[in-house]
Amino acid sequence: MKIGVFICHCGENISSTVDCPRVADVCRGYSGVEYSVDYKYMCSDPGQNLIKNAIHKYDLDAIVVGSCSPHMHERTFRNAAVSAGINPFMVEIANLREHCSWVHDDIEASSRKAIELMRMAIEKVKRDKPLTKIKVPVTKRVLVIGGGIAGIQAALDTANAGYEVVLVEKEPSIGGHMSQLSETFPTLDCSQCILTPRMVEVHQHPKIKLMTYSEVERVEGFIGNFKVTIKKKARHINEDKCSGCGMCITKCPIKKKAYNSFEEDLAFRPAVYVPFPQAIPNIPVIDETVCTYYKTGKCGMCLKVCDREAIDFAQKDTMHVADVGAIIVATGFKLYNIEKKSGDSKYKGYGEYGYGKYRDVIDGLQFERIASASGPTSGEIKRPSDGRVPKKIAFIQCVGSRDDSKGISYCSKICCMYTAKQAMLYRHKVHDGEAYIFYMDIRAGGKMYEEFVRRAIEEDKVKYIRGRVSRIYEEDGKYIVKGEDTLAGMPVEIDADMVVLATAMIPQDGAESLARTIGIPYDKYGFFNEAHPKLRPVESTTAGVFLAGACQSPKDIPESVSMASAAASKAIILFANDTLEREPVVAKVNEDICAGCFYCMKVCPYGAVEVKDVKDMNGIVYKEVAYINQGVCQGCGTCTATCLSKSIELAGFNNEEIFAEIAAL
Amino acid sequence: MKYGYFPGCSLTSSAKEYDISLRKVIDKLGISFDEINDWSCCGATSAHVTNHKLSTALAMRNIMLAEQQGLDNIIAPCAACYNRLIISQNEIGKHSGIRKETEDLLSVKFKKDIKVFNILELFLKSGINKIIENRKRELSELKAACYYGCLLVRPAAITKFDDAEEPESMEKIIEATGAGAVDWNYKTECCGAAHSIARRDIVVDLSKKILDDAITHGANVMVVACPMCHTNLDMRQRAMKRKYPDHKEFPVLYLTELIGLSLGMDEKELGIDLHYTNFKYADTLLNNSAKG
Amino acid sequence: MDKQNWEPKIAAFVCNWCTYTGADLAGTSRLKYPANCKLIRVMCSGSIDPVFILKAFERGADGVLVSGCHPNDCHYNAGNFHARRRWDFFHELMDFIGIEKGRLQFSWISASEGKKFADVITKVTEDIKAMGPFTAYKKMNSEFTIDFPEEPFEILKPVFQENSDKETV
Amino acid sequence: MSLCYQCGKCSAGCPVRYYMDIAPNKVVRLIQLGYYEEALKSETPWLCAGCLTCSVRCPKEFDLAKFMDAVREIAIEKGVEVKQENILKFHKAFLDQIKNHGRSYEVGLVAEYKMKTLDLFQDVDSAPGMFLKGKLDLLPHNIKNRKEIKSIFKKTSGKK
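Top to bottom, those sequences are chains D, G, A and S.
Note that numbering that gives the first Met the number 0 gives residue 472 to position 473 of the first sequence, counting from 1, and the numbers run on in steps of one.
Note that numbering that gives the first Met the number 0 gives residue 268 to position 269 of the second sequence, counting from 1, and the numbers run on in steps of one.
Note that numbering that gives the first Met the number 0 gives residue 28 to position 29 of the third sequence, counting from 1, and the numbers run on in steps of one.
Note that numbering that gives the first Met the number 0 gives residue 67 to position 68 of the fourth sequence, counting from 1, and the numbers run on in steps of one.
Since the hints were derived computationally from the structure, they do not count as laboratory data.
A couple of the hints might just be wrong.
[Stated by the list, open to error] Calculated pairs, BS3-like style, for lysine-lysine (alpha carbon to alpha carbon, straight line, at most 30 Å):
#: 1; chain 1: G; residue 1: Lys171; chain 2: D; residue 2: Lys340
#: 2; chain 1: S; residue 1: Lys113; chain 2: S; residue 2: Lys98
#: 3; chain 1: G; residue 1: Lys124; chain 2: D; residue 2: Lys339
#: 4; chain 1: S; residue 1: Lys115; chain 2: G; residue 2: Lys114
#: 5; chain 1: S; residue 1: Lys59; chain 2: G; residue 2: Lys93
#: 6; chain 1: G; residue 1: Lys267; chain 2: D; residue 2: Lys340
#: 7; chain 1: G; residue 1: Lys99; chain 2: S; residue 2: Lys91
#: 8; chain 1: G; residue 1: Lys111; chain 2: S; residue 2: Lys143
#: 9; chain 1: S; residue 1: Lys59; chain 2: S; residue 2: Lys88
#: 10; chain 1: A; residue 1: Lys100; chain 2: D; residue 2: Lys645
#: 11; chain 1: S; residue 1: Lys82; chain 2: D; residue 2: Lys405
#: 12; chain 1: S; residue 1: Lys91; chain 2: D; residue 2: Lys340
#: 13; chain 1: G; residue 1: Lys93; chain 2: S; residue 2: Lys146
#: 14; chain 1: S; residue 1: Lys59; chain 2: D; residue 2: Lys339
#: 15; chain 1: G; residue 1: Lys99; chain 2: D; residue 2: Lys356
#: 16; chain 1: S; residue 1: Lys88; chain 2: G; residue 2: Lys240
#: 17; chain 1: G; residue 1: Lys111; chain 2: S; residue 2: Lys149
#: 18; chain 1: G; residue 1: Lys93; chain 2: S; residue 2: Lys82
#: 19; chain 1: S; residue 1: Lys115; chain 2: G; residue 2: Lys99
#: 20; chain 1: S; residue 1: Lys82; chain 2: D; residue 2: Lys481
#: 21; chain 1: S; residue 1: Lys113; chain 2: G; residue 2: Lys208
#: 22; chain 1: D; residue 1: Lys356; chain 2: G; residue 2: Lys93
#: 23; chain 1: S; residue 1: Lys113; chain 2: G; residue 2: Lys52
#: 24; chain 1: G; residue 1: Lys142; chain 2: D; residue 2: Lys481
#: 25; chain 1: D; residue 1: Lys39; chain 2: D; residue 2: Lys51
#: 26; chain 1: G; residue 1: Lys27; chain 2: G; residue 2: Lys267
#: 27; chain 1: D; residue 1: Lys405; chain 2: G; residue 2: Lys114
#: 28; chain 1: D; residue 1: Lys347; chain 2: G; residue 2: Lys159
#: 29; chain 1: G; residue 1: Lys242; chain 2: S; residue 2: Lys154
#: 30; chain 1: G; residue 1: Lys108; chain 2: S; residue 2: Lys115
#: 31; chain 1: S; residue 1: Lys154; chain 2: G; residue 2: Lys108
#: 32; chain 1: S; residue 1: Lys113; chain 2: G; residue 2: Lys207
#: 33; chain 1: D; residue 1: Lys254; chain 2: D; residue 2: Lys347
#: 34; chain 1: S; residue 1: Lys154; chain 2: G; residue 2: Lys52
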């Protein structure tokens, strides 16, 4: 092997403390080094030409450049090598600037260290092997999980770019939490009014395949090549036949057995129902758990009244497989509730607020329903317990959020704003009503947000009290809210008619199991982790899986929508190529010596390790070995260190290469 | 099952009836006690508010005695003693420095992990069924407000037996006696406890609030498991009456007295006559002939 | 060997994403630290095999530093957790192997902690200096050891002859 | 100390809050900011009944009740004038009983407390009642090993 050594002075950055000519001289003496030279600016065009010419002239197989950090110019020198006909992975960089000349003063010591660093790189390059980038094909179809505003936005953006979308929603209708809101801050737009057109667009879009009442069961494959299994739960209504006339719903005799979860349990729904009038698709679902037919085999009222014969009691869950190239996860959030939790829950309830036993102590979403014109009270603010109009409401912020003792340390971000909005709506609707807000800090960062909060205080006379509430008692149909005004240093007791708790946003049910299904990491709360908190906020660490909305952390609507569009464009960028190129730094198993212990499978953060059968000449399986899917492997090398038989090697960083570096220390 | 017994100072004096009724009741239920020999005061509030080391040492002295006596567990019927013992135990368990300091003070090494139980745990563990079996008297007229006070269930992380805000264990025991329990607000609110003498005004106000809430929620008797709570809620009703003239006397019983009644014992036997307030249902109850 | 002028040789195994970049930052910040430590870059601290460390001692290192991303900051999600578990275990075995525990040190250094990197290197170098040269393990593998002449540099020979290249794994 | 983010939940739930001069959370704040003297002089720590309501409800799991114990202990050590002196006198009287007898001796306690505070007429309505009901022993119950108790007192005082 013929190696070329190139020492860069980097102007004087390196040469001021490293004797570059001496380093080049010493390297020239090492075995395998065919050519060694130092130059003022190796990264400049003349410098690169120097390298290219040397490669040609001395017929070099590999080069070592002593220069700045590989994070700076590794790519530059690799490109130079490629244009001179050398494999880019036959290039090693010794970091003589950041790790040597800049950090040591003594010329002798840094020159010696530079020589040693060069020696290590030379020994490594001798063992380097040419590698080629990995190419994988791309299926240009995206799976969007979750049909809230983030999922809707992501689906529409991708579909409008001309790619097919499969949109999976676990509820009978898309719309998510946004469809439950009354009005949105800071503009007080009617939430339904701005959302419904988007929902209809999704429904009618030729590129979007909408699967409601469905859940993702299994995800296999890797970026560009996912195979997804989706379970479509039985609606017991034939979707092709149903016209959405709603006759079955009107005639269903079961009226008060099941709570309406869209109305946050403030109302009942029949056994056959659509969650809300604007539901997309407008096809009902029969709830087996309450329907009389499933209990006694009788009734069948819906069957009789349906003139399209769409009722199908025998319908079963079905499985569907979709091939997609990218996945956008937009599963959203749910609200923490204050009820007493079972032993294994991550969170604790609020005994001091009654563990949910007080009927007029409600959460923010319940208030949204009460304030919503389409809600159970038709938009009139009334108490759930007796229907009276509350004359005094206490709003309490940070319930659950920022409360380590309950298990949630983070700020839920949107509560300050929606509480201000709710207090404002209440003051607009009940003119003689008093609104008190107990808060710790007001976090109103956002366009027109701070102004909005000030408006609540200045124009709508909402009274803000800085302090957490310690206890809520019921007394004569009123709720005694015990707080402290920490600004005045005075205890405060409010006898409220209703209390609204701004409870924390937590990940949607099943977020963690979905994350395991897809193979993406999540934090201790169950929020999905982004690949980089600053620079890759919408990508998960698993290639080809993107995140949108509150499933990643608490977010308001504009943020969710921006994130959704960003995730969609990430998918579209991916689809701009027919094949994908990946760095070849991946792990590979030597099947001859693999013992099949599969420890690697346990430690692999990406699920890249599979079981592979090894067959003999007769096609009979005689052992199982680990197989690393090169499309999935990200090249961390954890498996290589874990492997007991030392049969896994990470390309570009294999044991032989590292040992050589060590030996040359 | 045999239990070690740490009565605490109050049960030998101001809360004699608690001791009397407890001994009677457990005797009837076939539980036996082994009193810690030469036990001393747990240090109570006065020690821990002024001298942390002293308070731990005083409490641990009794645990040390129990260990020397070969006991595995201790029943501390007084909520304050229970709290001091369990917190001190937790302290020395958590901080090796305090452990060493206390061990040096008492010239002893703590080896055994002696479990300290409060009175509720005692009945929950080995009483409920026996109470039901031995029930002699109909108590369904009673609507009890179970008052836990502050120290019985706190801190929940250390006591580890009931919820600190909405406890339910005393209600379970009350239901076993056949009496009813009301849901009310001040189950775990503080009565002022240690300020009973030095700041009686505070205690009177706080205790009044507690009694009023019980009355508003339809209770006709209050049940407590702490001698200090009892002193404040029972004895201080006179002072209460002076400060709030419209205050009506409200009976406050020890949990053990109520159990005793259900087991057919009479008022005197249980020491109910030692209270400052009259238990007005006593007559009707006592005349109410035994049920089985 | 002249004890007075003896300078320890230290190998540092660092991950590409956090510590290596942190070391770059120390450089761009012009922080100064002793020149005894040489970095061996791997992709993730999770891929650092204990054998690497043993090899380093065998090949003349007087001390070894292992450093990766902080817990939860791993570029690969969990590699550093595996690393940590492995090191805890390996550290326990050090005495048994016959290497003083202090010769192997761990730290988490993020890409933004240039100062910490410089501090850690300085401290590790001082610690190892105080412990003196490490010779015990080297002797056992004398047939593999190639002594490089310390001075003068001009007569430095190539590291290996090509034919003695093959490592036994 | 730095755990406290001054939400005020402790003060909000404190049963004796209305009797205090400054809110419990403010005592923490004063100490956070280094105003030790102001904190030690406050009545608040002395009025704290040690009911632990604040500690169990604290969202940051800061044990305020224990913190108040510590503030009191430091106040005694530094000889800061205690505004709620009756409360301190009561505690001292109580501890004296234990020191001498090993257990609380209520007659002695009340007598000593009254001597200390010269508040002779409080409780006259209840004490005779207690005596009549046989609840007050006129003679103290002395435990056997009083020596040990005395030595505990001796060793724990003074030092530090």
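Check each numbered hint from earlier against the structure, then list the numbers of those it violates in ascending order.
4, 6, 9, 11, 12, 15, 18, 19, 22, 29, 30 and 33
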